[in-house]
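Trainee: Listed below are the residues making up each chain.
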Amino acid sequence: MAELSSKQANELADMFLKIAQLTGNYRYSNSHILSETEDLQIQYYHTSLLNQAGQLYTESAALVMNDVEPAISSIENSTLKIKSSYRNLQNVTKVINIVDSIVRLGSSILSRKPLKIAEAIDDLVNKLE
Amino acid sequence: MRVTIICVSAVLFLSACVNLKYINDFSASAIKGVVKFETAGYSFTQICVEDCRVNKINLLDLNVSECDCKADKKADSVTLQIYRGIKGYLDGLNKLSAKKLSTFKIEPLSKSLASDDLGSLQIDKKYSGAYSAIAEIVLRATTDQYRSRKLQEYIRAGNEPTTILIEFLDFNLSSNLSGKLDIRKEQLKISYFNLIKDQSLSAYEKRRAVEEYYNHLDAVSIQKKKLGTFSKTINKIAVGHQNLSNNLGRMSAHEIREQIKQFIKDLNLINQEFTTIKNN
Numbered sequence: 438m439a440e441l442s443s444k445q446a447n448e449l450a451d452m453f454l455k456i457a458q459l460t461g462n463y464r465y466s467n468s469h470i471l472s473e474t475e476d477l478q479i480q481y482y483h484t485s486l487l488n489q490a491g492q493l494y495t496e497s498a499a500l501v502m503n504d505v506e507p508a509i510s511s512i513e514n515s516t517l518k519i520k521s522s523y524r525n526l527q528n529v530t531k532v533i534n535i536v537d538s539i540v541r542l543g544s545s546i547l548s549r550k551p552l553k554i555a556e557a558i559d560d561l562v563n564k565l566e
Numbered sequence: 575m576r577v578t579i580i581c582v583s584a585v586l587f588l589s590a591c592v593n594l595k596y597i598n599d600f601s602a603s604a605i606k607g608v609v610k611f612e613t614a615g616y617s618f619t620q621i622c623v624e625d626c627r628v629n630k631i632n633l634l635d636l637n638v639s640e641c642d643c644k645a646d647k648k649a650d651s652v653t654l655q656i657y658r659g660i661k662g663y664l665d666g667l668n669k670l671s672a673k674k675l676s677t678f679k680i681e682p683l684s685k686s687l688a689s690d691d692l693g694s695l696q697i698d699k700k701y702s703g704a705y706s707a708i709a710e711i712v713l714r715a716t717t718d719q720y721r722s723r724k725l726q727e728y729i730r731a732g733n734e735p736t737t738i739l740i741e742f743l744d745f746n747l748s749s750n751l752s753g754k755l756d757i758r759k760e761q762l763k764i765s766y767f768n769l770i771k772d773q774s775l776s777a778y779e780k781r782r783a784v785e786e787y788y789n790h791l792d793a794v795s796i797q798k799k800k801l802g803t804f805s806k807t808i809n810k811i812a813v814g815h816q817n818l819s820n821n822l823g824r825m826s827a828h829e830i831r832e833q834i835k836q837f838i839k840d841l842n843l844i845n846q847e848f849t850t851i852k853n854n
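Chains as they are written, first to last, in our numbering: chain A, 438 to 566; chain B, 575 to 854.
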């Protein structure tokens with residue numbers, strides 16, 4: 438037998454719930470004429486129908502996976518691309534800061550001040566880490 | 575030539591900024607709405623455990639055995655996976671469109687250019703600031719243009735899966751979980767009907783039972799209202815995303831601004847409904 442779709446399982450659950458509600462209403466309206474055995478029997482049916490409806494709603498929610506699997510991989514793929522662009526841009530910021538350190542290193546070298554050169558190298562190494 | 579570059583950069587910068595701001599505003603509001611899922615406590619497992627407990631009370635069952643909620647856990651994991659897909663995507667849009675992503679530390683560059691250590695290469699301090707400003711505009715224009723172009727691409731690609739995921743998140747909550755709450759109402763009625771029929775209870779005990787029944791019904795109604803409000807929120811997000819996807823790069827800045835303003839206003843109104851439900 439072919440597997441139910443999430444929508445079909447949900448429609449069945451709605452139907453079971455409606456039948457259960459009708460069964461319950463019948464019991465509530467006629468309790469005065471029902472024997473104890475009949476009353477228990479109808480209550481048993483009422484509860485069973487509700488349980489089945491509940492199981493079908495749960496089943497339907499799980500079956501949704503079949504409907505959304507391609508959409509989930511597609512959105513995850515988009516999210517990965519967004520994150521990659523984000524990282525690239527963060528790298529741009531990092532590159533700018535590194536370039537700035539290189540400019541300072543260059544100026545230290547040009548000024549021929551060893552202490553400044555050492556400081557600038559330290560700074561550059563820190564930026565690269 | 576330099577003036578032309580600056581002007582072109584400034585125009586590109588402004589148009590990219592417009593798109594980025596709208597995408598950022600849209601995604602920030604959408605995230606605020608969609609995270610209600612985490613705080614509202616919508617769960618199949620929770621309903622299963624509570625129903626199981628109600629059954630045990632009805633049957634006067636003191637056996638503290640585990641309730642079998644495996645199927646409900648699976649339903650929750652599917653729903654959670656859909657939610658995470660949507661949330662992750664919106665977070666990505668929000669981060670990539672954030673203003674701070676293209677804020678560069680230009681000030682040190684300006685100091686370097688004006689440094690006394692440059693000797694004959696030294697640039698006059700009054701010009702070093704101008705060079706830095708130009709560098710900043712060009713840098714931001716380039717990165718903002720890149721971001722704007724990339725985001726338009728991602729939003730268009732993300733539109734169909736977002737629509738599908740929101741549709742099924744809504745289906746699981748508004749149809750399936752809400753259906754389970756309707757079942758809860760029926761079960762409550764069975765329990766309390768049996769109590770009222772019980773001739774060993776006094777009139778006072780029966781009245782207390784009826785009061786308890788109405789309190790339980792109110793709790794279920796609040797849960798259902800929350801589901802209804804959440805459904806409105808995510809459907810509004812789906813429409814907002816669709817509009818963004820259709821109109822980015824096509825509509826005028828003014829039209830998009832109006833559209834996003836309306837979107838934020840609508841979401842805020844729905845959010846107020848949430849607060850009202852909580853306070854009731």
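Don't take each hint at face value.
Just the calculated beta-carbon pair ranges, DEER-fashion [unchecked claim]:
(1) GLU475/A to LEU775/B: 18 to 24 Å
(2) ASN629/B to GLN478/A: 24 to 30 Å
(3) ASN525/A to LYS799/B: 25 to 31 Å
Mimicking EDC-like on lysine to aspartate or glutamate, the simulated pairs with C-alpha atoms at most 20 Å apart in a straight line are [to be verified]:
(4) LYS799/B to ASP840/B
(5) LYS520/A to GLU741/B
(6) LYS444/A to GLU829/B
(7) LYS595/B to GLU741/B
Counterexamples of contact, computed for chain B against chain A with all Cβ distances above 10 Å [claimed, not checked]:
(8) THR653
(9) LEU822
(10) GLN833
Worth flagging that the hints you see were computed from the coordinates, not collected in a lab. Quick reminder that beta carbons are idealized off the backbone N, C-alpha and C, glycines included.
Trainee: Taking the hints in turn, state whether each one holds.
Mentor: For each hint, the structure was consulted:
1. GLU475/A to LEU775/B: 18 to 24 Å: With a Cβ separation near 22 Å, GLU475/A and LEU775/B satisfy 18 to 24 Å, so the hint holds.
2. ASN629/B to GLN478/A: 24 to 30 Å: 18 Å, violated
3. ASN525/A to LYS799/B: 25 to 31 Å: Violated: the Cβ-Cβ distance is about 44 Å, outside 25 to 31 Å.
4. LYS799/B to ASP840/B: 18 Å, holds
5. LYS520/A to GLU741/B: Given that 20 Å is the threshold and the Cα spacing comes to 25 Å, the pair is violated.
6. LYS444/A to GLU829/B: Outside the cut-off at roughly 38 Å; violated.
7. LYS595/B to GLU741/B: Since the Cα atoms of LYS595/B and GLU741/B sit roughly 27 Å apart, the hinted pair is violated (cutoff 20 Å).
8. THR653: At roughly 6 Å from the nearest Cβ of chain A, THR653/B sits no farther out than 10 Å, so the non-interface label is violated.
9. LEU822: Its Cβ never comes within 10 Å of chain A, the nearest being 15 Å, so this holds.
10. GLN833: 22 Å, holds
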